[in-house]
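In order, the protein sequences belong to chains A and B.
Just so you know, our numbering puts 118 at position 118 of the first sequence, and the rest follows in order with no gaps.
Just so you know, our numbering puts 1046 at position 46 of the second sequence, and the rest follows in order with no gaps.
No wet-lab data here; the hints were simulated from the structure.
Heads up, some of the hints might be wrong.
[To be verified] Okay, derived cross-link-like pairs now, SDA-like style, lysine to any residue, Cα gap no bigger than 20 Å in a straight line:
| no. | chain 1 | residue 1 | chain 2 | residue 2 |
| --- | --- | --- | --- | --- |
| 1 | A | K136 | B | R1410 |
| 2 | A | K103 | A | R78 |
| 3 | A | K136 | A | L172 |
| 4 | A | K103 | B | A1454 |
| 5 | B | K1352 | B | L1073 |
| 6 | B | K1352 | B | L1430 |
| 7 | A | K103 | B | S1076 |
| 8 | A | K103 | A | R91 |
| 9 | A | K103 | B | S1420 |
| 10 | B | K1352 | B | T1238 |
| 11 | A | K136 | A | D179 |
| 12 | A | K103 | B | R1410 |
| 13 | A | K136 | A | G165 |
| 14 | A | K103 | A | R69 |
| 15 | A | K103 | B | V1307 |
| 16 | B | K1352 | B | L1074 |
| 17 | B | K1352 | B | H1089 |
| 18 | A | K103 | B | L1073 |
| 19 | A | K136 | B | S1076 |
| 20 | A | K103 | B | L1308 |
| 21 | A | K103 | A | A58 |
| 22 | A | K136 | A | G180 |
| 23 | A | K103 | B | R1418 |
| 24 | A | K103 | A | Q113 |
| 25 | A | K136 | A | V73 |
| 26 | A | K103 | A | Y128 |
| 27 | B | K1352 | B | A1079 |
| 28 | A | K103 | B | L1430 |
| 29 | A | K103 | B | R1423 |
| 30 | A | K103 | B | A1079 |
| 31 | A | K136 | B | A1404 |
| 32 | A | K136 | A | D123 |
| 33 | A | K136 | B | A1454 |
| 34 | A | K103 | A | D130 |
| 35 | A | K136 | A | R119 |
| 36 | A | K103 | B | L1074 |
| 37 | A | K103 | B | D1034 |
[Stated by the list, open to error] In silico contact screen, one side only, chain A against chain B (beta carbon under 10 Å); selected entries:
| no. | residue |
| --- | --- |
| 38 | L8 |
| 39 | R48 |
| 40 | H76 |
Note that CB positions come from ideal geometry on N, CA and C, so glycine has one too.
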Amino acid sequence: MAPVIQTLGLTKHYGGHRGIEQVEFEVAAGEVFGFLGPNGAGKTTTIRILLDTVRATAGTARIFGLDSRSDSVAIHRRVGYLPGEFSLYDRLTGRETVDYFSKLHGGVDRAYQAQLAERLDVDLSRRYRDYSRGNKQKVALITALQHRPDLLVLDEPSSGLDPLGQQTFLALLREAREDGRTVFLSSHVLDEVRRSCDRVGIIREGRLETVAPVDQLRDMAHHEVELRFAGAVTAAEFESLPGVSIVTATDHELHLTVTGEMDPVVRAAARHHLIDFISREPSLEEFFLAHYRAGTAAADDRG
Amino acid sequence: MSRRQPRSRLDQRRYRHSLSRSLVTAVYRRTLRDSRNAVVVVGGVLALMLIAAAGAYGRSYTTPASRVSFANLLTSMPAALRGVTGDPHPANLTTLGGMVSFKDATWVCGIAALWSIVALSASIAGEARRGRLELVIATPVSRRRVAVEKVAAHVTGMAIIAAICAATAWLFGIAFGSLPGDAVTVGNAIGFGLWVMLMALASGSVAFALAPLVGRAGAAGIATAVTVGGALAYGYETAAPWLRGLGQVTWFGWTGHDQPLAGQPDWMTLIPVVAITTVLLGTGVELTARRDVGATISIPWLRWPRVLLGLGGPLRRAAGDRLPIALAWGLGLGVYGFVIGDAASAVAASIKKEAPTSTLSVYHTLFPGVDIGTTAGLLQIAFVAIGLVLAGVAAVTLVSGWAADEANGRLDVLLGTRLSRERWLITSALGTMAAVVAMTVVTALGIALGALAAGSDGLTPLLGSAALGLYAIAVVGVGVAVGGWIGARAAAPVCGAAVGATFLLSLLAPGLHLPGWVGQLALTSHLGQPMVGQWDGVGVIACLGLAGGGVALGTWGMRRRDVGR
Ligand SMILES: Nc1ncnc2c1ncn2[C@@H]1O[C@H](COP(=O)(O)OP(=O)(O)O)[C@@H](O)[C@H]1O
Ligand SMILES: [Mg+2]
C-alpha cells in the first residue's frame, strides 16, 4: 500500500538559521508514528511543512500521494491537526469553538463531539479564555478529532494534559489505530511514544537520525550490568570485550554498560566464581539520554 | 573550542538571557528600556505639534491689532466648532502661549493619554497573557513589586515626555514670540509639562486599575472612552447645556482653568488629578497583587447572541469577532455625532442670524462651498474632521484584531482545515470590512438621529457618514495588504503609522506652510464635503481602490510566504 506520508529531502532554513536538513521518512497507512526529539530539533518545522503553513527550502512531502503544497486543501479535508502552539477565539465557548471548526471541516457529528468532551472531561460551556492550559489543549484536540480524519497530525499533543487526560488521550490514539486511521505525533516525552507508537523517528538538530520500530529501539539500547564475584577480578578482562564499557570497578564488583549481545560478558564472568549477576533493561528515557550523550561527545570530538 | 557552538551551551545562554530579562529586580529597567522608542516618538510628535502651532501663529500675527481681531473671530465662533480644541474657556488668546494652549493643549495631552492607556493596560495584562508573569511571580508580595516597578517605569517615561513638552514650550516662546507676553516663563513651561503628564497618567491609571479585572483590551477601551468622552464633554460644554454637568466631572473640567501656557496657571486644580491617579494606580497594584494572574471577570452583557458570533463560516466569524469593537467605536462616534447633530441646527441658526458678515466671509474662504449657517455645513466642519481621525484609529484596532488570527497562532488551526490561505485572507478581510460597515451604520444613525432630533435634514448626514466608513475600509485594505505580504505583526503598526501620518499631514501642512501638495497627500483631504452632499470622486475611488487592491495584494502575498506566529 502507498505510504500516507512520504518526505523526500525535506529541508528548511529560516533565513540563515537551521530548521531541518534532508529529513526523509515514510509513514504507512494505519500506523502510529512517533516523531521524537528535544526542543528545537525541528519537529514543529517538519509538521508545519506537512501542513503547508511553512514552505520547504528544498525537498517535497506527499500525503495520501498528493503534494503537500499544491494539493494542501485536498489533503486537509482528510487531516486532523493539533499545532504545538496555538490559540483559539478568546470570546467563544468551548462548544462554539468546536462547532465552528466542525463547520470548517464540513460537518458536525454532535454525538461524537459530546462523547469526546465527556471522555476528555472538559466542560464545553465555558469561555475559551477562561480555560486552563490543559483544557485549551483538550478543546483543540476535539477540533482535531471530531471529524474522524484519516490522518491525525499532532504536535506534542499531550503537553499540558494531566495524567488522567494523557491516559484518555492514549486510549483515543489506540481507537484511532483500531479504526485504521494513521497518526503522526511529535513528542519529547519518551514514555508517551513508547506507549502509543508503532514506529519512532528520532530527530536531532534538524536531522532525522533513526527510524525504527519502538521494540527495536529497546534492543539497540544498552544494558546496565552489575557483577559481584567471590574473588578478585581485573577490570581489563571485561573492558576489552565488544560493546562493553566499565562504569565502576572494585576488586570484587563491576558495573558495566553493555551494548548489543550479552553473551561475551556472560562467558567471561563464568570463568570466575560469580555471586550475583544483575542486568537492568534501561528505560527508553535512559536510552534516549545515552543516545544524546554519545551524539554530543561525537560532535565535540569532531569539533 | 568547536567552531560550531555546542547546542547545549547556546541553549544555556538563551535560558540565562531570558531569565535575566524576567527577573523581578530588573522589571523597572526593562520596562523603561522597552518603552524607549515610544517615549521618543510620542515626545517628538508632541513637540512637532507645539512647534507647528506656535510657528504658524507667531509668524502670521505680529501686530497687536491683528491678534485682537483674530481672537475676536475665534471667540465669536460657535461653541460647536470651538469644542474641537477641547478648551471652551480660553485665556489670553492674544499671546502666543494662549493661542497654542487654546488650539493644541488638549490634543497634546490626549495623545500622551493614549500612549499611557496603551502602555498601562498592557503592562500587566499583556505579560499575564504571554505567561511571563507566572514564571516570575510566586507571591503576592513580588507581584505587588512588579506592578509598582512597572508603574514607576511608566511614570518615568511620561516625565521625560513632559520635560520635552516643557522644553518645547519654553523654546517656542523664544523662537516665535514677537510681542510682549509671548515669552513662556520657565515656571509656566514646567507647569504645562506637569499638566500634560498628570492628565495623561490619570487616563492611563483608569486602564491600569481595570486591566486586572477586564483584561487588556477591555481596560484600554474603557479608559479611552472615559478620556475621549471626558475631553469632548468638557470641550463642548458651552455648546449643549446638558454637557456642562458632565464636563465638570472629568479631569479636563477640573483643570480647565489651569492654563500655564497662556500665563494662567492654577496649580491647585492638579491636586484632585493627582489624588484620583494615585488611588487608581494603587487599586491596580493591589488588584494585580491579589487577583489570580490573568484571570479576568467576564462581563455578562458582553455575551453575544449566537447568531452574531458568526459560527457559520470564516467571513461571518471574522465579522463576528470584530463586531464588539466595531460597535463600540460606532457607538462612541454615534454619540459624538448625535451631540453635534443635535446642537448643530441651533448653532447654525444663531450664526445665520447674528454672526457678523466678516466672520462668515472668513469661513467661506477657509471652507469654500460649506454654508456654515446650515446644520450640514456645521457638521462638515465640526464632525467630519475629527470623525475621520477616530474612524482611522478604529480601523487600526480592527486590523489588529484581524492580525490576531496569525499573530496568536489561530491561523495554524484554521489552515489545518479545508480553508485555503487565499480563502482565509479574502474572507477574513471582507469580514473585517463588514465590521467597518457596522461601525459606520451605527455612527450614521447617531448623527442622523441628532439632526432629526433638532428638526433638520437627517438624510444627508446619514449618507455623509459613509465617508468615515470609506476611509476606515481603505485603512483595513492597507492592513490586509501588509499583513498578507509581510506578516500579521506588521499590519497594525503600519496602519497606525499611515493613519497618524495622514492626521499629522492635514494638521501640520497648513500650520507649517508646507506646499499644497504635501497636504494633498492625506487621503482624508480628498473626500470632499460629504455632510453637505458633495462627494469627491477621487477620494471615493482611492478608498475603494485601496480596499480592493489591498485584498488582492494581500492574497497574492499570502500565497507565497510562511505563516508565522
Ligand atoms: N519562524 C522561525 N524563524 C526562525 N527560526 C525558527 C523558526 N521556527 C523554528 N525555528 C528554528 O528551527 C529549529 C527547529 O524548531 P522547531 O521545529 O520549532 O523545533 P521543535 O518543534 O522540535 O522544538 C529551531 O532551532 C528553531 O529555533
Ligand atoms: Mg515544537
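Evaluated hints:
1. K136/A with R1410/B: holds, 12 Å
2. K103/A with R78/A: holds, 14 Å
3. K136/A with L172/A: holds, 17 Å
4. K103/A with A1454/B: violated, 48 Å
5. K1352/B with L1073/B: holds, 15 Å
6. K1352/B with L1430/B: Answer violated: K1352/B to L1430/B is near 44 Å, above 20 Å.
7. K103/A with S1076/B: This hinted pair is violated, its Cα atoms lying about 62 Å apart.
8. K103/A with R91/A: Given that 20 Å is the threshold and the Cα spacing comes to 18 Å, the pair holds.
9. K103/A with S1420/B: holds, 14 Å
10. K1352/B with T1238/B: holds, 19 Å
11. K136/A with D179/A: Violated - the C-alpha atoms of D179/A and K136/A are around 26 Å apart, more than 20 Å.
12. K103/A with R1410/B: Holds. K103/A to R1410/B sits at ~16 Å (cutoff 20 Å).
13. K136/A with G165/A: holds, 12 Å
14. K103/A with R69/A: Outside the cut-off at roughly 23 Å; violated.
15. K103/A with V1307/B: Holds. K103/A to V1307/B sits at ~14 Å (cutoff 20 Å).
16. K1352/B with L1074/B: holds, 17 Å
17. K1352/B with H1089/B: violated, 23 Å
18. K103/A with L1073/B: At roughly 63 Å apart (the allowed maximum being 20 Å), L1073/B and K103/A break the hint.
19. K136/A with S1076/B: violated, 61 Å
20. K103/A with L1308/B: holds, 16 Å
21. K103/A with A58/A: Outside the cut-off at roughly 34 Å; violated.
22. K136/A with G180/A: Roughly 27 Å between the alpha carbons, so the hint for K136/A and G180/A is violated.
23. K103/A with R1418/B: holds, 10 Å
24. K103/A with Q113/A: Given that 20 Å is the threshold and the Cα spacing comes to 13 Å, the pair holds.
25. K136/A with V73/A: violated, 25 Å
26. K103/A with Y128/A: Holds: K103/A and Y128/A sit about 18 Å apart, inside 20 Å.
27. K1352/B with A1079/B: holds, 14 Å
28. K103/A with L1430/B: Cα-Cα ~19 Å, so holds.
29. K103/A with R1423/B: holds, 15 Å
30. K103/A with A1079/B: Violated, because 54 Å separates the two Cα atoms, which is more than 20 Å.
31. K136/A with A1404/B: holds, 17 Å
32. K136/A with D123/A: holds, 11 Å
33. K136/A with A1454/B: Violated: K136/A and A1454/B sit about 52 Å apart, past 20 Å.
34. K103/A with D130/A: violated, 23 Å
35. K136/A with R119/A: holds, 15 Å
36. K103/A with L1074/B: violated, 60 Å
37. K103/A with D1034/B: Violated, because 42 Å separates the two Cα atoms, which is more than 20 Å.
38. L8: Because about 20 Å separates L8/A from the closest Cβ in chain B, which is outside the 10 Å limit, the hint is violated.
39. R48: holds, 7 Å
40. H76: This interface hint holds because 6 Å falls under the 10 Å limit.
Hints 4, 6, 7, 11, 14, 17, 18, 19, 21, 22, 25, 30, 33, 34, 36, 37, 38, counting from the list given before, are not met by this structure.
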